[in-house]
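Use the sequences and the hints to build the structure in full.
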Amino acid sequence: MSPKGVPEAVIAAVSSEEHPIAPFLRMDRMPHIWCSTCGIGTAVKALVAAFEKLETDLDKVSIVSGIGCTGRVAGYVRLDSFHTTHGRPIPFATGLKLANSELTVIVFSGDGDLSAIGGNHFIHAARRNMDLKVICVNNFIYGMTGGQAAPTTPLTAVTSTTPYGNAEPPFNLCHLAAACGANYVARWTALHVRRLTKAFAEILVKPGFCFVEVITPCSTLYARKNRLGTGLDIMKYYHDNTVIEHGAEPADTDIVFGGPIICGKFVDRDRPTWLEYQDQHLGEVLGDKYYRGKVLQGAGER
Amino acid sequence: MSPKGVPEAVIAAVSSEEHPIAPFLRMDRMPHIWCSTCGIGTAVKALVAAFEKLETDLDKVSIVSGIGCTGRVAGYVRLDSFHTTHGRPIPFATGLKLANSELTVIVFSGDGDLSAIGGNHFIHAARRNMDLKVICVNNFIYGMTGGQAAPTTPLTAVTSTTPYGNAEPPFNLCHLAAACGANYVARWTALHVRRLTKAFAEILVKPGFCFVEVITPCSTLYARKNRLGTGLDIMKYYHDNTVIEHGAEPADTDIVFGGPIICGKFVDRDRPTWLEYQDQHLGEVLGDKYYRGKVLQGAGER
Amino acid sequence: MRFWRTPLDADKMKIPRGELHIIVERCKGCEFCVEYCPRDVLEMSDEFNSKGYHPPKAVRPENCVNCDLCEMICPEFAIYCLTVEEEPVPVEGGKTS
Amino acid sequence: MRFWRTPLDADKMKIPRGELHIIVERCKGCEFCVEYCPRDVLEMSDEFNSKGYHPPKAVRPENCVNCDLCEMICPEFAIYCLTVEEEPVPVEGGKTS
Amino acid sequence: MRREIRITGFGGQGVILSGVIVGKAASIYDNKNATMSQAYGPEARGSACSTQILVDDKEILYPYIRKSDVLVAMSQEGFSKFVGELKADGVLIYDEDMVNPGEVKKGIKVYPIKAQRMAETDLGRKIVTNIVMLGFFTAVTQAVPKEAMVEAIKTSVPKGTIDLNLKAFDLGYDAFE
Amino acid sequence: MRREIRITGFGGQGVILSGVIVGKAASIYDNKNATMSQAYGPEARGSACSTQILVDDKEILYPYIRKSDVLVAMSQEGFSKFVGELKADGVLIYDEDMVNPGEVKKGIKVYPIKAQRMAETDLGRKIVTNIVMLGFFTAVTQAVPKEAMVEAIKTSVPKGTIDLNLKAFDLGYDAFE
Amino acid sequence: MKADPIGVRTGTLYLDGDRATAEGAIAAGCRFFAGYPITPSTECAELISERFPEVGGIFIQMEDEIASITAIIGAAWGGARTMTVTSGPGISLMMENIGLAIMLETPCVVANVQRGGPSTGLPTMVGQADVMQARWGSHGDYEIIAYSPQSPQEAFDFTIKAFNMAERYRTPVIVLLDECVGHMVEKVVIPPADTIEIEPRRLTDAAKDEYLPFAYGDDLVPDMAIAGMGYRFHVTGLTHDERGYPEMSVRCQEWLVPRLVAKIRQNADDIIEFDEENTDDADVVVVSYGISARVSRMAIDLAREKGIKVGFLRLRAIWPFPEKRVAELAKKIKSYVVVEINLGQIYYEVQRCAAGRCETLLSPHAGGGVHDPEDIFKVIEKGAKVK
Amino acid sequence: MKADPIGVRTGTLYLDGDRATAEGAIAAGCRFFAGYPITPSTECAELISERFPEVGGIFIQMEDEIASITAIIGAAWGGARTMTVTSGPGISLMMENIGLAIMLETPCVVANVQRGGPSTGLPTMVGQADVMQARWGSHGDYEIIAYSPQSPQEAFDFTIKAFNMAERYRTPVIVLLDECVGHMVEKVVIPPADTIEIEPRRLTDAAKDEYLPFAYGDDLVPDMAIAGMGYRFHVTGLTHDERGYPEMSVRCQEWLVPRLVAKIRQNADDIIEFDEENTDDADVVVVSYGISARVSRMAIDLAREKGIKVGFLRLRAIWPFPEKRVAELAKKIKSYVVVEINLGQIYYEVQRCAAGRCETLLSPHAGGGVHDPEDIFKVIEKGAKVK
Ligand SMILES: Cc1ncc(C[n+]2csc(CCOP(=O)(O)OP(=O)(O)O)c2C)c(N)n1
Ligand SMILES: Cc1ncc(C[n+]2csc(CCOP(=O)(O)OP(=O)(O)O)c2C)c(N)n1
Ligand code: SF4
Ligand code: SF4
Ligand code: SF4
Ligand code: SF4
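Sequences listed follow chains A, B, C, D, E, F, G and H, in order.
Counting in the numbering used here, the first sequence runs without a single skipped number right up to 433 at its last residue.
Counting in the numbering used here, the second sequence runs without a single skipped number right up to 433 at its last residue.
Counting in the numbering used here, the third sequence runs without a single skipped number right up to 164 at its last residue.
Counting in the numbering used here, the fourth sequence runs without a single skipped number right up to 164 at its last residue.
Counting in the numbering used here, the fifth sequence runs without a single skipped number right up to 1354 at its last residue.
Counting in the numbering used here, the sixth sequence runs without a single skipped number right up to 1354 at its last residue.
Counting in the numbering used here, the seventh sequence runs without a single skipped number right up to 388 at its last residue.
Counting in the numbering used here, the eighth sequence runs without a single skipped number right up to 388 at its last residue.
Taking lysine-lysine pairs in the DSSO-like style, the calculated list, with each CA pair at most 27 Å apart, reads:
#1 K325/H x K333/G
#2 K356/B x K1303/E
#3 K191/B x K329/B
These stretches of chain B come out as covered by chain G in the derived footprint (C-beta under 8 Å, 3 or more residues):
#4 187-196
#5 228-235
#6 412-426
Distance ranges between label pairs, derived from CB positions:
#7 D373/H x D220/G: 25 to 33 Å
#8 E233/A x D373/H: 50 to 58 Å
#9 M2/G x E380/A: 55 to 63 Å
#10 T1298/E x D195/H: 50 to 58 Å
#11 D188/A x A208/H: 16 to 24 Å
#12 P105/C x F388/B: 29 to 37 Å
#13 E233/A x D383/B: 36 to 44 Å
#14 P201/H x E1236/E: 33 to 41 Å
#15 V387/H x D220/G: 31 to 39 Å
#16 N130/D x D399/A: 36 to 44 Å
#17 K1264/E x P201/H: 49 to 57 Å
Derived by calculation from the structure, the hints in this document are not laboratory data.
Cβ coordinates follow ideal geometry from the N, Cα and C atoms, glycine included.
Below, the structure is given as structure tokens:
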């Protein structure tokens, strides 16, 4: 029962050419597991571009994922990165952030992870306005497990658990996040690489619960089951059917099978974060006895 | 290890007088465990009054509760009644309803049960428009466990886990239910016995996910910790501070410590229920092969 | 927030009369019935029941119009009202008291 | 939905020139770069890489203005563009091609 | 010697605090072992309420009352529920205004007091009824030294109320002639 | 006698269906025991893809390939990954247009076919490449009787495509002279 | 009672273990399924989602595993035969409400297709390390019934058994598959409906005002009422008396919980199932289950060839554990060799029951694959040399 | 390392076991607490919510127990010493993510104040039936450390131990209280901070580009990096190599999981704790823990009075189980008597380790109260008559 030998770290054979993204990613793990035309890689690229734009100190950025195709993001990004359990990246990130409030904590996960099994954490973190940057790749399906329905699957769409078409109304995640109190809510598609980068750059510096939904193609499963063509066809669909409407009322941005996709920044407000509110309130009530208050004022005794 | 003797059923000694509610309640369990001035009993009374008004066939009504002071309702009502686990009355009720769609299934539980640990089931059932009548007693606190903060506890309110006052913004449950897709959403207080009865009577016959929030006094814990006086004082507070506003935008009905309580019927719409949608959609796609379709048309082969 | 019924027939109407029943031992003395009785029928008693609560007592039973409110609002199922039919009496202006 | 930058200095501007790099073995042939290159620099190659995908090839490299879009949109981190500085050239009316 | 003490009353009468004070006095200020606990259960909510304190020179092994040496009853309900567990020669202390003990088994020593009335009348503060009771209890049973009780009260009641509570304690203590 | 068969290719080539057909043919229509399974793992997603079929007269106890008797390779990646597990006298079947086997160990019997090209050219339907392959496989190995394979194909492919698939099967079968 | 033909796909199919489980469930009359996808169990749910509309079943994909298990418990009380299916992470999440099913005495079936653990582990690869969890994973005392099929055919057969035992003992029953059996495709013979015996629900026929939901007879199993029958009964996860009313007392706890345990322990002989081979003159007895049982047989053959006298005890039901038989055999053999894809679980049970009368050896496997029969053989060899 | 004085309320307090657990945690340096209320554990959380603002800790009441356990795991990776506390239903819900903590090798402490089960059971009354669950409740193979205090003083002391062992072995540690100990109020002596030894976190000092998160030395425990140190490490609940990267292979599983188990098993002698009394010439040895250990002592006294030679083995740590010692003692005694508030859990472990060398008897209790010492005595008497 004693452990056997350590397997040597096997460095994946990659091209000697260096992509500028190399410092940001664990290149020894390339190629990634995502299918051809999957949009997750593009979303990751946009995040990296936002880091570059902001010249973020990456030593102070953590990324937390749940389980799913998107959940694998944590494994590829060269940050302190946590691949947790299905549905739980938000409470994990909550602990991480509150244990060290200097960290910027990003949650990068799939729609199923965040809104099915993780739905409760999602709404409560939004309510608390917990200072997390939540990036949700929405491909309308469970990718990792092979294409079952998600709470985002549009009505009538075929999945492996709705073989005759989905008969259950989906969530509009932007609406849900907004209704629960998120500070920032936006939606873009994998095609909107520049706007996505901008959104990511915005949330990286914005306090509170920030939510960006990234609509992405899953050609292997969602597109195939629904005969939507190749990933490129889907990108073209985004091109032709996206309506950009900043400030749109989130309730009016539902996504319907074959319908237009309303994108834009829907919410941008400044509720105090959970920790700000704690510090403010407890500081007021407890005065000098509030330890974090003393520390925050630079008067910490330790 | 073999089981010992069966304890004889002990009939609690009650007054020989018969309250008209007796046929509806398990009188052998009276007195109930609720504190003096607790509003849960009043909410139960209103439900019974709704049954009486509608002359409901009570053999076909089931009630499902989670755990909490309110959770004990299932134990007192003389219906097929299920006292389940904390946070899970909604999925339990979902199974019950779908296994026998002839049943009217009521979920009667506390705000903590339904919106803290049970929050995910709440939002998903509302999204699905599952045909459940969800009655939520909101006393702003966890009663059964002795007065901890709930996701409904107003900012600054004292509880045993927010001894210096709550610094976490609460949910507005009506807003949440509405945002997720509930067919019917209303709020009343324990004082509004007649309106409550009317609301209950409405939801008992309305298909889909119906949500009624009942604001009730918890004098033992919430009122005591927050020096709000007796239960009667709280009823008076309801009297003086309730604003009835039917059709109010749910987002505008937040409850603030010491502020007014907006009551009324906020949502009343007719999205198809989960089962209606399934039947319709699968019937369309599968035609004759859809078994339930055949049965529903009275053409069942069995 | 008084619950009241506007009489439809102002000329002649039945005044429903209620017969109050109080299950003293079940009462937990919340005072809701006393406070919200629209006809001030009830008052809290000085007596204790065996649990140490003061139950209500009917001090103006003749005023009871069987509006049911005490029954509706009592969280203990400790008070109720039964209808006692009376002869229709002429009423003026819809005012009942 | 073409991404483009309006030049600020219409009189005289640098045309950034890009030097395209394609990591052929990493490409999964999605065609995004080809489709969304605003200058039609790329085409899909007929060749397969060892995984059996067709990578893109630069058919009009001189057109590349280093807009980075291929790099941004490539889900495989398989293509990128490095800047090659050029002399400023006079341009008329802000039109760049 | 193991002594088993039960204090019972309504919620809000400070029964639990009384238990803490007795236990603390015995264990911290009298160097005995003292285990205190309270009856739990949803049914206790707001009405009946009770605490038990076990005091012993030796280690306390069994954590519950088996037969109580002392029952302090501040409500009829509590009295009825627990009088049965009193030892044949046990001590019964009760508030006369709140408890009617009826016929008590012979052998049981009975000590009535009007604690609530004394708290109200003599101190104008019904809230210290429990402390009056404790004073009386201390005098009657000598289960815990007076000084230990005083120390325990000082460290258990809100700062501003120490004097009032000590007065209440003395009042009860002195009520036992 | 136990035979261990591996079929490998890209996702989308119908590799898994091929496995099911062989297994079904052997077990249901040839009354052997046949256990089929597929390689799982997130990395398999969309790219490399493989299935194994174990056929035996006796009960099949070990559920995986240890040394394969037959490797049917429809992609270079799959070929490279699995050629090593072929027995010294194993059979290698591959699509010439997709696999370049290079130097193969002596003893291994090598049967190339242009299955995809035949499917495209002769039937105009690239999608039945796998069935062409199965025909060829059946002819080469005789691991499963032709009739059993035909029955299995009939009950495994979509109703409307049975004829096409049977044609494809014959095409492959006949390609082995 | 015979199976309803509408759910029985009589014939010879070529199915994987997951789908065979689904067919078993449908044949057994399962008409409500709530689940949440998880590898390697999903194929079961997928087949149900495809088949149910045609047989009148309700398939619902819930928001998570907690909702799934709770929904099937609710549905059971609505009168349905119900099942959910999951794997490691999901079964861990279900633990609280498996306890609820135990306490409410709810007939239902939970299939766990075991993968490599702990945690997310090896989602697509085989494991058998949830065996003790099946027995002990929920808080408090209880007993469980768990079957372990070694082939898709048995997945079908045992699932029907699971439904039957769930009804007979009013208790959740676990079908403990492993990924290897779940994903292997083999011939599955589905017999005609009229040869499939289905245990009817033990519905009460008591008069409405005399029904006591938890009064029981000799077999310790109370008769059940379901919602809508007019009994207006109450059930609770709290300790309860025979009326189903909560009673917070030692007395009631002593009345209730030991019976819940005893209804399985006392009837264990009715439930326990194992195959025994060549134990008469054995020096070594191999104990195994699931896919490991098949691989073990190879090692046994190897050992026999070398003249070692090896017997075999193959657990068809793992829980309740065949304590008596294991204890008996221990008296006359040199050693047990337990073969399982974990680092020692049923091993402990065998060791306990052997009670020192013989050695107990473990042939462990960390997971992700099956044993090399050679490795098992070596342990058998060691076991034969004992004493 | 010594305790930070700011968290240590040195002095003599009169505290219940729940609150003593809280004080122990704060003394041990716990500065992040996430929890969800549940009887009979809530007093612990309540005291933390009161004390934390003054010591710089973060208290957060999460939406449920799953969020609570996951948040403390996250916080541990943020550098905090962390704890959550719960009871039966809550601990069952935590099982999946206790597995995550095991797999990520995360130091953290989970207190479970056991009540009567199964299911909602007896929320306000005592039980000890989550003992096997602590060991086996999450899917997959693992080992756990669990302490069982018998008094508020030990609740304080053992909680500090739990934090220390969590750091030493990078593993979740369970403090298994029972309702009786959790709710009893007794004297608790809190020593001066500088006498409280605190195990520092095993932070890596490797060069940034040389750090391998799961490379380990002789004690099998890898050094840890936490977020923000600049190591840019990756951890996953999947089977992973020494870089922390997922690797789906038998080889990697064999490298990883047996080590996770071995780091506890191999170091068991450092962790195992028990009190042994009068075992030298004993005929009967009583095995017990938690509140039952105290009550057992009464029965032992009774038995001694009657001339029965009774020894006592009191488990301070329940897991890892003192297998060796139990096996040794079995050789020279007639019987073990296991006293626990359940229907047989540690009983099975004792029986297994006794391996038939002596009898193993159980003095069970269904829960809701403690044993009547007379009942225990009777079993001891029976045990003395063996052979
Ligand atoms: C507790 C638990 N339940 C289920 C699973 C199986 N599972 C893994 S990923 C996933 C869903 C993935 O979908 P999504 O979050 O939308 O991400 P995607 O793969 O589409 O990126 C599921 C159900 C699991 N790992 N753990
Ligand atoms: C899984 C689980 N976690 C926690 C608890 C403890 N618990 C019981 S009731 C309750 C909250 C009650 O609050 P609420 O739902 O608002 O109902 P109320 O008592 O106020 O009516 C909690 C936390 C439990 N029983 N089960
Ligand atoms: S299955 Fe879909 S989501 Fe997953 S990697 Fe492939 S394309 Fe992307
Ligand atoms: S604690 Fe509060 S909610 Fe519970 S019964 Fe008492 S008043 Fe009602
Ligand atoms: S409302 Fe009911 S409980 Fe309250 S005082 Fe009146 S009778 Fe008593
Ligand atoms: S975008 Fe990337 S993966 Fe796609 S074709 Fe271009 S280089 Fe290849």
